[in-house]
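*Asks:* Last residue of the sequence shown? That's 349 in the UniProt record's numbering, and every number before it is there in order.
Rather than coming from a laboratory, the hints here were simulated on the basis of the structure.
Heads up, a few of these hints could be off.
[Unchecked claim] Below 35 Å or equal to it, Euclidean Cα-Cα: the simulated DSBU-like pairs (lysine-lysine) are:
(1) Lys227 with Lys269
(2) Lys166 with Lys76
(3) Lys65 with Lys176
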Amino acid sequence: MKDWIQISNRLEELLSENVEMALATVVHVEGSAYRRPGARMLVTGDGNWWGAISGGCLEGDMLKKAQMAIMTQKIKLVTYDTREDDPFQLGVGLGCQGLIDIVINPIRSHLEAFSKALKQAISSHEPGILLSEWDENQLDQYSFSYVRNSELSSIDADKQAVLENKMALYQLREGKSQLWEYVPPMPRIWIFGHQFDALALIQQLNLLAWEIHWVGNVPKMNVIGKKLVHQVYDWESEWEILAEDCLVMMTHDFDRDAFLMKRLMSYVKVAYWGILGPQKRMDKLENQLKKEGFDISSVRAFLSNPVGLDIGAEGPEEIAISILAEIIAQKNNRNGQALKYRKLPIHVV
């Protein structure tokens, strides 16, 4: 999501300044590649660029090709075939072995349409599909559109696969090329607690451009942390928590956790709910709430407690990485194991 946000913000800024530029988009991949369909690189005529289409091996050559497209104002379809083990191809040794198709588009009207569709996509709080469509024989006929999941009146098998597998799909239909991209909801997280370890988690999340909501004693919140979050709330504030949101309770206060559990029990269907502290503390919390007439047994089965992946984390920064890694793994339906033990391709859900 950070790549999408970075490209969107920069594209909007450059369009307002009438800067000449081109957008390179990976539309099709066969075999191994560092980036998948939908990866983008925004290039300006003076050689600045944002985003990436590979792990660094193609960007230099793509920069030159994009600048040429800007000069000619012609859309270009470029294919890199790295399946042969040729260390001299493109002048560098390539780490991946695959075929990669990339469209370079310098047409302002197309970039304006893409900017509009992309802004709709990243501001949505539900999943959707971004559709790019073009005729390879008439590349000037290029269109973009975005549809939220709830707005799809009919879903064919291919679109269903895009949504369920959270992927991008390239195909030819009726003489036109199409790229359907799954766009996840804007990642949102609620952090409950204003102690110093909350700041470490906020800083990690900010690197990913997540929308962060911070709940606690506002006067005691770190000043730097306040600048990095979307909004701050006091304990008694009203919270609008959505089904795709993530919750992390790190209050270091037993009574405060009991208070939060009572308020948050209706949100069991959130994407992730983690609570800092050992299981014995959670047992005590569950017994305390049961005495007060609150049964959290159904909620507890969903909770991540102790919070985070087992990586031997010590200190606020490592614990923050552990928590964030578990959140990403759960949102992507992964188990957090080492990739060397994975039997399926890395990008297959």
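*Asks:* Indicate, hint by hint, whether the structure satisfies it.
*Replies:* Structure-based check of each hint:
no., hint, in the structure
1, Lys227 with Lys269, "29 Å, holds"
2, Lys166 with Lys76, "28 Å, holds"
3, Lys65 with Lys176, "24 Å, holds"
The structure shown violates none of the earlier numbered hints.
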